[in-house]
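Assemble the whole structure, with the sequences as input and the hints as a guide.
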Amino acid sequence: MAREYKPRIVTANDLFEGDAVYFTASHGWSRDHGDAVVAFSQDAADKLLSAANMQQDQVVGPYLAETVMGDDNRPQPLHFREAFRTRGPSNYFHGKQAGA
Amino acid sequence: MYTYNEFDDAFVRNRVAEFRDQVERRIDGSLTEDEFKPLRLKNGVYLQLHAYMLRVAIPYGTINSRQMRQLALIAERFDKGYGHFTTRQNIQFNWPRLKDIPDILDLLADVGMHAIQTSGNCIRNVTADHFAGAAADEIEDPRPTAELLRQWSTDHPEFQYLPRKFKIAITGAPNDRAVTKAHDIGLRMLRNEAGEPGYEVIVGGGLGRTPMVGKVVRDFLPKADLLPYLEAILQVYNLSGRRDNKYKARIKILVHETGLDEIREKIEAAFVRQKRDFAGVPADLVAQIDEAFAPPLFDNTRSLAYEQALGADPLLRSFAETNVAEHKNPAYGIVSVSLKPVGGTPGDATADQMRVLADLAERYGHDELRISHEQNVILPHVRKADIPAVHAALREAGLATANIGLVSDIIACPGMDYCALATARSIPVAQAISNRFDELKLERDIGPLKIKISGCINACGHHHVGHIGILGLDKAGRENYQITLGGDGTETTTIGERTGPGFDAEDLVPAIEAIVLAYLEQRVDASETFLEAYRRLGAEPFKQAIYDKEKDEARAA
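Chains as they are written, first to last, in this note's numbering: chain A, 34 to 133; chain B, 102 to 658.
To be clear, the hints were calculated from the coordinates, so they are not data collected in a lab.
There could be a bad hint or two in this list.
Examples of chain A residues toward chain B, derived with CB under 8 Å [unchecked claim]:
hint : residue
1    : D52
2    : S63
3    : G94
4    : R118
Derived coverage of chain A by chain B (criterion: at least 3 residues anywhere in the stretch with Cβ under 8 Å from a Cβ of chain B; other residues may be distant) [claimed, not checked]:
hint : region
5    : 65-74
6    : 104-116
Glycine included, every Cβ here is placed at the ideal spot set by N, Cα and C.
Written out as structure tokens, the structure reads:
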């Protein structure tokens, strides 16, 4: 039996600011991980990534990241690296956690 | 110190103008990221986890007050009010916007600085002993050689596409403070039996994935032969270094796989050709560089003010014990300013602190500052009589932490708080260790102990040569930390040995504490340092301290 597919989102860095951004259902980019459109199959994920790759005049290095669905049915980061990207560094209150 | 001549200035400004154009073309969509990335990396621009990062070269760690003030201005205007000094004597700005970077580079060019060759497969910033020109044990100031190498390696047409990055370090003192044996090329200045100056040439050292101690390829290289000899090494590496596998592309792998004798033969053969075609470094250039590093005019007035102040002020006395090193002029001291306050981020300085350091250098320090690979700032030439005033000013700026060489003087790479390559965080580990040992109040009792932390296998935090090294990894989606013991980055360079299985973040600080307590229990007396005790006892007592049976069973369960 095929292994269950772990849902994925597409994330990248913003070309101008360099911060983490997330690919949305309208094929735009949001700074909020919860706004990301979620792919529930390999095929859907491949299609999302191709669409994101067309926007390299906006972002740098789009890639697929595993996600888990939260109680509010919005995607949350699975890996600690992705969690850090939604917040910013731990030594200063800088980056997304500071609303910047 | 060396100041740019017209050629240097024009070269750097042309490069900024060129990069400004490249940035504009990336932003307007004319350049793809694939096209732009190698261009930005050539100018020190990385894209990290949360933002772009600009790495600025501080050649051989030497800057003056004007340059330090400019770094403060950049930190304030284009960053979040601070800068991060690195283990390669550079400074990194963590938050610039892409469109602002050419303006930053212009500000740097205004004070004779740049970010060229701080990335990519080229010869990187040449590093040197941070006590250069000041240390009592120095044979010769290594900075004129380092500056010559900077000029020679900058935009060297033959060495822009090496198999991998290439790092050179140089020391002019027998006590190696520049970790020369962990560089692609390490140079140790010495004199032969006839008293002529030259270099011991070490190749193939490095940390990272495959740590290796450098090997002596030439016992004595006359000073005049340096450039053709280094070109010979680089040629052999450029032609024979592996390009099929990034992880095996450093010269250390070539030296290891080829064998020292064969590599030496190849280098010597290339050297004969290079030397034949080499007309020598122009005498006027040598004179110009030597003059730039002439010692300052020391004030030899004897004064008892320092000794008297030491007697009267216990805080100053404690500061002097750890942070003041012996200067070659007995009326002077070398003052190390720790960027490791309790619970702080190793290597970070605010714009205000940078300005205080610049002011102190200007007023008391012959206008010289150094950045050490241990992420501290040095005032290399301070009259002893002025040290009490310098200490008072440092206290006011939160810069008087008296811990150089002690357990809280921790090296840490940026780790996964900033770095895109990191596999775990380093900074919070350093903060937690620093806070814990502050609570224990044992720092002075423990004595000299170097803890070095890297957040990935690339080892920017030099963990392999830490007396206690910590390597952060991703173990099945959790941050996990391996410990190595017995590393040494001096003239007796040793790669530390892994203790065994790693520790999760919450278990790591107790493990470090247990190791240090085991040392305190088992040392002969207070004069036996941690490293000496480790060498005498071996790893076993320390392993026992951190892996007792019950814990192992709990771990396995």
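How the hints compare with the structure:
no.: 1; hint: D52; verdict: holds (6 Å)
no.: 2; hint: S63; verdict: violated (16 Å)
no.: 3; hint: G94; verdict: holds (7 Å)
no.: 4; hint: R118; verdict: holds (6 Å)
no.: 5; hint: 65-74; verdict: violated (count 0)
no.: 6; hint: 104-116; verdict: holds (count 4)
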